[in-house]
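For reference, the chains in residue letters:
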Amino acid sequence: MNAGQAVSGKRQIFGTEPFDGDLAMRGYALNAMCYSFNTKDNRDAFAADEEGYMAKFELTDEQKAAVRNRDVLAMLDAGGNVYYLAKLAGILGLNVQDLGALQTGMTLDAFKAALLSHGETTRRAAA
Amino acid sequence: MTQVAGGIFTSHVPGIGNAIARGLQQDPYWKPFFDGFNPVHEWLAREKPDVAVVFYNDHGLNFFLDKMPTFAIGAAAEYRHEDEGWGLAFQRPFAGHPELSWHIIEQVVASEFDPVTCQSMLVDHAVAVPYELCWPGTEEFPVKLVPIAINTVQHPLPSPKRCFDLGRAVGRALKSWKGGEKIVVFGTGGLSHQLEGKRAGFINKEYDHFCLDNIGPNPEALLRHDSLEIVELAGSQGVEILNWLAARGALTGDVVELASNYHVPISNTAAATVLFENREFLPA
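Same order as they appear, the protein sequences are chains L and Z.
Per my numbering, residue 1 is the first one in the first sequence, and the count goes up by one each step.
Per my numbering, residue 1 is the first one in the second sequence, and the count goes up by one each step.
Quick caveat, the hints were computed from the structure, so don't treat them as lab data.
Do not take every clue at face value.
What the hints assert, rightly or not - Straight-line C-alpha distance at most 20 Å; calculated SDA-like pairs for lysine to any residue:
{"no.": "1", "chain 1": "Z", "residue 1": "198", "chain 2": "L", "residue 2": "97"}
{"no.": "2", "chain 1": "Z", "residue 1": "198", "chain 2": "L", "residue 2": "107"}
{"no.": "3", "chain 1": "L", "residue 1": "40", "chain 2": "Z", "residue 2": "91"}
{"no.": "4", "chain 1": "Z", "residue 1": "198", "chain 2": "L", "residue 2": "16"}
{"no.": "5", "chain 1": "Z", "residue 1": "67", "chain 2": "L", "residue 2": "21"}
{"no.": "6", "chain 1": "Z", "residue 1": "67", "chain 2": "Z", "residue 2": "31"}
{"no.": "7", "chain 1": "L", "residue 1": "40", "chain 2": "L", "residue 2": "94"}
{"no.": "8", "chain 1": "L", "residue 1": "40", "chain 2": "Z", "residue 2": "90"}
{"no.": "9", "chain 1": "Z", "residue 1": "48", "chain 2": "Z", "residue 2": "178"}
{"no.": "10", "chain 1": "Z", "residue 1": "31", "chain 2": "L", "residue 2": "117"}
{"no.": "11", "chain 1": "Z", "residue 1": "48", "chain 2": "Z", "residue 2": "279"}
{"no.": "12", "chain 1": "L", "residue 1": "56", "chain 2": "L", "residue 2": "25"}
{"no.": "13", "chain 1": "L", "residue 1": "10", "chain 2": "Z", "residue 2": "225"}
{"no.": "14", "chain 1": "Z", "residue 1": "31", "chain 2": "Z", "residue 2": "175"}
{"no.": "15", "chain 1": "L", "residue 1": "112", "chain 2": "L", "residue 2": "73"}
{"no.": "16", "chain 1": "L", "residue 1": "112", "chain 2": "Z", "residue 2": "204"}
{"no.": "17", "chain 1": "L", "residue 1": "56", "chain 2": "L", "residue 2": "29"}
{"no.": "18", "chain 1": "Z", "residue 1": "182", "chain 2": "Z", "residue 2": "96"}
{"no.": "19", "chain 1": "Z", "residue 1": "205", "chain 2": "L", "residue 2": "117"}
{"no.": "20", "chain 1": "Z", "residue 1": "48", "chain 2": "Z", "residue 2": "225"}
{"no.": "21", "chain 1": "Z", "residue 1": "31", "chain 2": "L", "residue 2": "65"}
{"no.": "22", "chain 1": "Z", "residue 1": "205", "chain 2": "Z", "residue 2": "229"}
{"no.": "23", "chain 1": "Z", "residue 1": "205", "chain 2": "L", "residue 2": "94"}
{"no.": "24", "chain 1": "L", "residue 1": "10", "chain 2": "Z", "residue 2": "91"}
{"no.": "25", "chain 1": "L", "residue 1": "40", "chain 2": "Z", "residue 2": "82"}
{"no.": "26", "chain 1": "Z", "residue 1": "31", "chain 2": "L", "residue 2": "115"}
{"no.": "27", "chain 1": "Z", "residue 1": "48", "chain 2": "Z", "residue 2": "175"}
{"no.": "28", "chain 1": "L", "residue 1": "112", "chain 2": "Z", "residue 2": "28"}
{"no.": "29", "chain 1": "L", "residue 1": "64", "chain 2": "L", "residue 2": "52"}
{"no.": "30", "chain 1": "L", "residue 1": "10", "chain 2": "Z", "residue 2": "226"}
{"no.": "31", "chain 1": "Z", "residue 1": "48", "chain 2": "Z", "residue 2": "96"}
{"no.": "32", "chain 1": "L", "residue 1": "112", "chain 2": "Z", "residue 2": "156"}
{"no.": "33", "chain 1": "Z", "residue 1": "198", "chain 2": "L", "residue 2": "94"}
{"no.": "34", "chain 1": "L", "residue 1": "64", "chain 2": "L", "residue 2": "36"}
{"no.": "35", "chain 1": "Z", "residue 1": "205", "chain 2": "L", "residue 2": "123"}
{"no.": "36", "chain 1": "L", "residue 1": "112", "chain 2": "Z", "residue 2": "30"}
{"no.": "37", "chain 1": "L", "residue 1": "40", "chain 2": "Z", "residue 2": "86"}
{"no.": "38", "chain 1": "Z", "residue 1": "67", "chain 2": "L", "residue 2": "97"}
{"no.": "39", "chain 1": "Z", "residue 1": "198", "chain 2": "L", "residue 2": "17"}
Produce the entire structure from the sequences given, and follow the hints as far as they go.
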């Protein structure tokens with residue numbers, strides 16, 4: 001298989017990398033670690049010893065560095081899937097607005113304001 | 001005679017679950033979304049469905065990437081929600097309907113679909129939040145659940161047409177069911193939103209209105225875009241509209257919109273709730 005062709009054949013979407021087989025392979029260890037965070041005992045174990053917990057799940061050096069640096073874009077580059085990363089974000093005290101601000105380089109207030117700038121309520125009811 | 005009475009289509013943002021847990025329904029931020037459920041509550045009180053068939057996507061509670069089904073149908077006697085990583089678990093269990101589940105499985109396989117079958121299955125916020133929205137505060141949920149999970153997480157995703165056709169196959173299965181129950185179909189998720197990457201916070205109201213205007217009278221219009229085009233139009237998570245398309249496919253009668261509520265933003269999401277009546281067995 002020619003990986004270059006496979007990559008070049010992907011649809012380009014601004015600021016978006018669909019989570020496909022390449023990312024699923026690259027991110028497996030990181031996502032497996034995050035999946036374990038469904039259990040509170042595991043969240044506590046990570047909080048108590050991040051390095052030991054990452055080693056147990058055999059994260060790659062790139063994944064470990066991204067987690068150490070709280071660098072969400074680097075976690076995505078390392079194959080992290082946002083639904084699993086959201087479980088890690090919870091441990092770090094970050095909600096999806098915090099994540100949005102971190103990824104877009106905006107302040108939290110600016111990110112929230114950008115969402116509110118779309119503000120609309122449209123309601124229909126049958127007669 | 002078994003009757004598919006209608007469809008409830010709604011966003012399932014986890015933050016809605018938090019707002020419910022904290023009693024924020026009347027809070028000015030949340031009220032415009034929760035008010036969209038008033039007509040749903042009236043309809044449910046009037047129709048009293050016995051069964052809910054719910055098309056949704058799992059976000060890493062029941063399924064991990066080690067085994068990721070494109071389509072999965074629950075066939076358990078009971079389902080539970082559990083902690084998804086942020087400490088919130090809704091306590092009311094979801095009674096299942098394994099006999100109907102297996103009938104649906106038999107029928108959709110006969111229609112050449114190949115779902116994973118799950119006799120044990122956790123359901124995440126994509127089922128739990130819509131249930132909490134529809135039946136707040138009841139002792140137990142008044143419907144039996146058949147959950148149908150669609151992969152909207154790991155590409156390649158099923159095509160919009162495949163999801164719609166799966167829904168149609170489920171709709172045919174429901175019509176041939178001899179149980180005589182009244183059934184409501186759910187499609188959960190959407191509308192436009194994107195959580196990750198430099199495009200995080202993406203909202204596309206034009207595409208959302210296109211979906212809201214067409215999903216009832218002309219669902220085929222949504223099939224003109226493939227799944228990656230929907231990612232581009234609706235955001236990485238906006239592709240959850242696939243669940244709506246499957247649910248719409250299961251409404252095989254004369255579909256009439258009774259209520260629609262579109263409210264932006266809820267968390268990072270353009271949220272929507274739509275109630276359809278499915279006039280299949282009702283007198284004209």
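Pairwise hint evaluation, residue 65(L) against residue 31(Z), where the allowed Cα distance is 20 Å at most: Between residue 31(Z) and residue 65(L) the Cα gap is close to 41 Å, so the pair fails against 20 Å, i.e. violated.
Restraint status (C-alpha distance of residue 205(Z) to residue 123(L) at most 20 Å): 14 Å, holds
Pair hint outcome, residue 48(Z) versus residue 178(Z) [Cα-Cα no greater than 20 Å]: 19 Å, holds
Given hint residue 91(Z) paired with residue 40(L) - CA-CA distance at most 20 Å: Holds: residue 40(L) and residue 91(Z) sit about 17 Å apart, inside 20 Å.
Holds or violated: residue 67(Z) to residue 21(L), with C-alpha atoms at most 20 Å apart: Holds, at about 13 Å.
Satisfaction of hint between residue 279(Z) and residue 48(Z), Cα-Cα up to 20 Å: 16 Å, holds
Straight-line alpha-carbon gap residue 56(L) to residue 25(L), limit 20 Å: 18 Å, holds
Restraint status (C-alpha distance of residue 64(L) to residue 36(L) at most 20 Å): It holds: about 16 Å lies between the C-alpha atoms, which stays within 20 Å.
20 Å Cα cutoff - pair residue 198(Z), residue 107(L): OK: residue 198(Z) and residue 107(L) at ~14 Å, within 20 Å.
Restraint status (C-alpha distance of residue 205(Z) to residue 117(L) at most 20 Å): 12 Å, holds
Straight-line alpha-carbon gap residue 112(L) to residue 73(L), limit 20 Å: 19 Å, holds
Given hint residue 28(Z) paired with residue 112(L) - CA-CA distance at most 20 Å: 16 Å, holds
Hints 6, 14, 20, 21, 23, 24, 32 and 38 from the list above are not met by this structure, while the remaining hints are.
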